[in-house]
Amino acid sequence: MATHMQQTYYDVLNVGSKASRQEIRESYVRLKQTFSTTNQALYSLMNDDEAAQMNAQVEEAFRILNDDHARRGYDRSIGLSTESEQPLTQRHQVRPEPILSTDPFSGTASASSVTVTLARTNIVSSTSSSQDTKPVSNSSSFAALVRNSQMKPARSTTSRSPETIEKMQAALVGIEPGDGSIFKMLREIAGVSEDEMQDRTKISIEYIRSIENNVFERLPRSIFVKGFLRSYCRYLAVPEYESLITAFAKRLDDWLISKERKISIISK
Amino acid sequence: MTMSTDLKSAATVRQNPSARLHMALPPLHCQRGWLLGLPPHVQVPAGELPRMLAVGGGKGGVGKSILSANLASKLAQAGYRVLVVDLDLGCANLHTHFGIPKPRFTLANHILFGDRSFAEIITPTTIAGVALIAGGQEAAWGRHLARGPEALLPLWDALLKSRQYFQVDFVIMDLGAGTQRHTMDFFSAANLGIATVLPEPTSIENAYVFLKTYLWHLVDHVAMRTGQQDAANDLRAILTKISQEGSGKGYVDALRQLSVAYPAYISDVLLAMRSRNLGVVVNQTRSQADIEIGSSMELICRRYFGLQAFFLGDLNYDDCAWKSLRNRRLLLSDFPHSILSRRLTRVSENVVNLVANQSQASVNP
Chain A
1 MATHMQQTYY DVLNVGSKAS RQEIRESYVR LKQTFSTTNQ ALYSLMNDDE AAQMNAQVEE
61 AFRILNDDHA RRGYDRSIGL STESEQPLTQ RHQVRPEPIL STDPFSGTAS ASSVTVTLAR
121 TNIVSSTSSS QDTKPVSNSS SFAALVRNSQ MKPARSTTSR SPETIEKMQA ALVGIEPGDG
181 SIFKMLREIA GVSEDEMQDR TKISIEYIRS IENNVFERLP RSIFVKGFLR SYCRYLAVPE
241 YESLITAFAK RLDDWLISKE RKISIISK
Chain B
1001 MTMSTDLKSA ATVRQNPSAR LHMALPPLHC QRGWLLGLPP HVQVPAGELP RMLAVGGGKG
1061 GVGKSILSAN LASKLAQAGY RVLVVDLDLG CANLHTHFGI PKPRFTLANH ILFGDRSFAE
1121 IITPTTIAGV ALIAGGQEAA WGRHLARGPE ALLPLWDALL KSRQYFQVDF VIMDLGAGTQ
1181 RHTMDFFSAA NLGIATVLPE PTSIENAYVF LKTYLWHLVD HVAMRTGQQD AANDLRAILT
1241 KISQEGSGKG YVDALRQLSV AYPAYISDVL LAMRSRNLGV VVNQTRSQAD IEIGSSMELI
1301 CRRYFGLQAF FLGDLNYDDC AWKSLRNRRL LLSDFPHSIL SRRLTRVSEN VVNLVANQSQ
1361 ASVNP
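Line order of the protein sequences matches chains A and B.
Read left to right, the first sequence gives residues 1 to 268 (my numbering).
Read left to right, the second sequence gives residues 1001 to 1365 (my numbering).
Simulated from the structure, these hints should not be mistaken for lab results.
We put the beta carbon where it would ideally sit given N, CA and C, even for glycine.
One or more hints might be untrue.
[Unchecked claim] Residues of chain A clear of chain B, computed beta-carbon distances all greater than 12 Å:
| hint | residue |
| --- | --- |
| 1 | Q22 |
| 2 | T158 |
| 3 | V173 |
| 4 | M185 |
[What the hints assert, rightly or not] Keeping only pairs whose Cα atoms sit at most 25 Å apart, straight-line, the calculated DSS-like set for lysine-lysine is:
| hint | chain 1 | residue 1 | chain 2 | residue 2 |
| --- | --- | --- | --- | --- |
| 5 | A | K259 | A | K226 |
| 6 | B | K1323 | B | K1102 |
| 7 | A | K18 | A | K250 |
| 8 | B | K1249 | A | K32 |
| 9 | A | K226 | A | K250 |
| 10 | A | K32 | B | K1212 |
[Unchecked claim] Some, not all, of what chain B presents toward chain A, calculated at C-beta under 10 Å:
| hint | residue |
| --- | --- |
| 11 | E1200 |
| 12 | I1204 |
| 13 | E1205 |
| 14 | N1206 |
| 15 | V1209 |
| 16 | T1213 |
| 17 | K1249 |
| 18 | G1250 |
| 19 | R1256 |
| 20 | A1289 |
| 21 | I1293 |
| 22 | G1294 |
| 23 | M1297 |
| 24 | I1300 |
| 25 | R1303 |
Bound conformation, chain A alone (with noise of 0.2 Å):
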């Protein structure tokens, strides 16, 4: 049984390493009424500089586990993920198991009525061996994650790593343009959520998903979807994306000049 390990943003937050947003925020506002000062149930437990400090814990993880692309950042950081290449639900799936174990201290908070759930909180045993109970947040590249997650909306083009670039490329040879479902692949060839494209780009997830399933009547006009993509095509750092916007919004042009057509001719 691992007994010593350090506190991770989960366990701050009560929850486990797979919690959905929903949970996250649950548990958050909990945690915030119990930490808050003016909470009679502190009274004798704690004094206000305690409670505070606990609450500025808290308010720390909750900004990092509530931000998509910085809990990722965080996840691989702390060793929770190795791989930033598969979207989150597929890397959860493969997630090797020796390094979960159950945390002796964690309790299941979110047993606020007594249906009993008793799941235990999976969190990473840490390898170092520091007595430092402080969430893990040490990293100086994961600082900087956390800046960029803070930013506005992405307006450069993104880095990718070579492989992810290459791997777009290979997936487009010989593809017809056109389709929104080559967004998709490349979507999840970046290993982005839809999610995250939405937190990133500002683009609403229904657009991107009706973009992505050729849902072309719940599309605005094709000056605004082109301009979607291109913040899209950044986003994942898409090379020479240009024809495949102007490919999609020809489309999108077509389908609509034949559904006035379609109404002109039931209107006569």
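For this one, chain A is given, so just place chain B on it according to the hints.
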């Protein structure tokens, strides 16, 4: 469970409106983690054990007895056989909550005077399925308890064998106020210890003192049962420092630190802690903020003490509590349709859920 009690409880369940509470309880045998936290002088008999529930909370007047009596009745209505023991030795008044006069024979006859057997001091109550052992009000209890922890050994033996002799499903121990040794010993024996608090600073403060003392006792018991006194001394030193200087990180952090030096001992302490559940009940709630104290305490007990805490529910402030006492009737019988009665049902449901799940987990690890 024997065939006859099976049929009996099944019949009770059919007649009863609270039958939805009933859940089959798998046989419970002594588990290592539970044994580690027991007082070292207590011997556990072979065979099936009853589920032990203890109701404590440190401060007086927070509703320990009213909860014990009514929880026992709710469990009995659901078809379980319940034995309630008044362990507020010297100040016993649990019989009054059941609306019965002071029984002729009490615990004092069995323990202090030795003139009655354990079976003779079991008193029936007005609720079918609930039996009461009244605590004596004799002043001699003080002297007797001062003789040391062995003074109550016959009671321990009888309680642990109550499943075998009387087919008892639940033993509910109604503890007195304070953190006396025998109180903490009984609380540490509970599969589910219930801490009753009022939404008042005095009660909350005492509840935390009570829980700290409880942890100290667990630490002691584990050390004595496993012969790891050195480790226990170091842990005590750290815990004392935390108590005096305060640390937001709490006891969990102390255990974490010591786990490097004494991995075996700390893992035993953690096992003992994990084999017990702690229930939190907030009594006399008047507002939503009062109720939220319960879930906050659940979280704090987990984060600070590392205990497996669960908020079992709240009991609202209601005049029917004192009215039923004046009427000399059990609250549930006197005001069966009150909101308070419904909230007691919810607490009982949570108790059954917790205890049933706990034993399944321990039987099939």
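Here's how the hints hold up against the structure:
A cut-off of 12 Å between C-beta atoms confirms that A/Q22 is not in contact with chain B; the least separation is 18 Å. Every beta carbon of chain B lies more than 12 Å from that of A/T158, the smallest distance being close to 39 Å; the non-interface claim holds. Consistency note on A/V173: stated as away from chain B, and its beta-carbon is indeed over 12 Å from all of that chain's, at 54 Å minimum. No beta-carbon of chain B is positioned within 12 Å of the beta-carbon of A/M185; the least distance is around 44 Å.
Between A/K259 and A/K226 the alpha-carbon distance is near 20 Å, which keeps this suggested pair within the 25 Å criterion. A threshold of 25 Å between alpha carbons decides the hint, and for B/K1323 with B/K1102 the separation of about 20 Å falls inside it, so the pair holds. Distance hint between A/K18 and A/K250 is unfulfilled; the C-alpha atoms sit about 41 Å from each other, more than 25 Å. Between B/K1249 and A/K32 the CA atoms are separated by roughly 16 Å; this keeps the pair inside 25 Å, and the hint holds.
A hinted pair counts as satisfied when its Cα atoms are at most 25 Å apart, and A/K226 with A/K250 qualifies at roughly 10 Å. Between the alpha carbons of A/K32 and B/K1212 the distance comes to roughly 24 Å, so the proposed pair stays at or under 25 Å and holds. For B/E1200, the interface hint holds, the least distance from its beta-carbon to any beta-carbon of chain A being 8 Å, beneath 10 Å. Nearest Cβ of chain A to the Cβ of B/I1204: about 5 Å, under the 10 Å cut. The hint holds.
Hint status for B/E1205 relative to chain A: holds, with the closest Cβ pair at about 4 Å, below 10 Å. At about 9 Å, the closest approach between the beta carbon of B/N1206 and any beta carbon in chain A falls short of 10 Å, and the interface hint on this residue holds. Interface hint status for B/V1209: upheld, as the beta-carbon distance to the closest one in chain A is roughly 8 Å, under 10 Å. A hinted interface residue such as B/T1213 counts as satisfied when its beta carbon comes closer than 10 Å to some beta carbon of chain A; here the least separation is about 14 Å, so the hint is violated.
Residue-level restraint check for B/K1249 holds (minimum Cβ-Cβ distance to chain A is 6 Å; threshold 10 Å). Taken as an interface hint, B/G1250 checks out: its beta carbon lies about 8 Å from the nearest beta carbon of chain A, inside 10 Å. Taking 10 Å as the C-beta cut-off, the interface hint given for B/R1256 holds, the closest approach to chain A being about 6 Å. With a cut of 10 Å, the hint placing B/A1289 at the interface with chain A holds, because the nearest CB-to-CB distance is about 8 Å.
A least Cβ separation of about 5 Å between B/I1293 and chain A falls short of the 10 Å threshold, and the interface hint therefore holds. Interface restraint check for B/G1294: the shortest CB-CB distance to chain A comes to about 8 Å, inside 10 Å, so the restraint holds. At a threshold of 10 Å, the smallest CB-CB gap from B/M1297 to chain A is about 5 Å, leaving the interface hint in force. A distance limit of 10 Å between C-beta atoms decides the matter here; for B/I1300 the minimum to chain A is near 6 Å, and the interface restraint holds.
The closest approach between the C-beta of B/R1303 and any C-beta of chain A is roughly 8 Å, which is under the 10 Å cut-off, so the hint is satisfied.
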